[in-house]
Amino acid sequence: MNWSSPFDHRPHPELGALLREALAADGEPAFAARVLAAAQQRSAYGAPWWQVLGAWARPGVAAALVLLAGATIWLTNASSRNEADTTLEEVLLATAEAVAPPFFTATMAPPTFDVVLASSFEP
Amino acid sequence: MKEMRDAELAALAQAGDREAFGELVTRYAASARRVARAVLGNLEDADDAAQDGFLSALRHVGRYDPNRPFGPWLLRIVTNAATDRLRRRRVRATEAIPPTLATRDPGPDREADRTALHAALRQGLAALPERQRVAVVLFDVEGYTHAEIAEVLGIPVGTVRSHVFHARRALRTALTAWKDW
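Here the protein sequences come in this chain order: W and S.
Letter 9 of the first sequence, counting from 1, is numbered 9 in the numbering used here, and no numbers are missing.
Each number in the numbering used here corresponds to the 1-based position in the second sequence with 123 added.
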């Protein structure tokens, strides 16, 4: 091998080729697959959209139940009177006052399913 | 994906595109593994460190400046991962090379001779200080400039030149038996 001078400021092609061979490792596709699998396993990409959506599913069901309860009250009132002089908005507001404790509006975090459900059934 | 620039792939990877990250891994796997092996010596440890480096790069890809080359940025992370692993495990990061392999056996089997040459080269590399190892591999194998290596190692350009010089001189001494190769 021609070593020339170690002061040479250019890459040494022969030494480079020898080092490349000496440090080479087999199984490059297997290594790449391993890295990608590890990235997937450790959620290095961030949460996928379905997980984000799923996190909102339980509070969403709870909110739907509250709306359903309000609509049921309104329909009951409307059918008990000949003329429905109560609007849906008024009933929903009344329902919210009845079923939504102050802590629902005192925090920025969405309530959990259990809290919303329990408060809906409390008298 | 294959024709996209590194910076474009990095932006896509940051947005969660797994295929883009996969392409970056494919492009830099060989370099990352070589550099990690230069630091650690042991192939298994080197692959673990290279993987740590890729995952760390993915987590922090938002910090990558797309106006600069991706390779030095990535290899800096890989080098740090390898160095951390070396210090954490506190093991001597050289492959156990039988003494007979370090000396030339002028047999007719040229392939075996070359294998012995590689072993001696790895042994010579392992005897160098860590930064000299990385500097000479990045310069002579990966083809990075002194300035880029300075960025990878976080040291002045003049120090990189010195590291490459001393590493070459030590390797030349280690490979004296193969001067006619």
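Treat the hints as calculated values from the structure; they're not laboratory data.
These numbers were taken from a predicted model, which means no experiment stands behind them.
Each hint should be verified, as a subset may be incorrect.
[What the hints assert, rightly or not] Below, a list of computed lysine to aspartate or glutamate pairs in the DMTMM-like style, where the Cα atoms sit at most 25 Å apart:
#	chain 1	residue 1	chain 2	residue 2
1	S	Lys-125	S	Glu-167
2	S	Lys-125	W	Asp-114
3	S	Lys-125	W	Glu-89
[As the list claims (entries may be wrong)] If you anchor each label on the Cβ, the simulated ranges turn out as follows:
#	chain 1	residue 1	chain 2	residue 2	range
4	S	Asp-188	W	Arg-20	41 to 47 Å
5	S	Arg-141	W	Thr-76	48 to 54 Å
6	W	Leu-68	S	Ala-130	17 to 23 Å
7	S	Ala-130	W	Arg-20	23 to 29 Å
By construction, the Cβ of each residue, glycine as well, lies at the ideal position given by its N, Cα and C atoms.
Now the hints, each set against the structure:
1. S:Lys-125 with S:Glu-167: The hint is violated at about 28 Å.
2. S:Lys-125 with W:Asp-114: Given that 25 Å is the threshold and the Cα spacing comes to 50 Å, the pair is violated.
3. S:Lys-125 with W:Glu-89: Outside the cut-off at roughly 57 Å; violated.
4. S:Asp-188 with W:Arg-20: 41 to 47 Å: violated (28 Å)
5. S:Arg-141 with W:Thr-76: 48 to 54 Å: holds (53 Å)
6. W:Leu-68 with S:Ala-130: 17 to 23 Å: Violated, since Leu-68 of chain W and Ala-130 of chain S (Cβ atoms, about 51 Å apart) do not stay within the stated range.
7. S:Ala-130 with W:Arg-20: 23 to 29 Å: Taking Cβ atoms as reference, Ala-130 of chain S and Arg-20 of chain W lie about 26 Å apart, which means the hint holds.
Checked against the numbered hints above, the structure violates hints 1, 2, 3, 4, 6; every other hint is satisfied.
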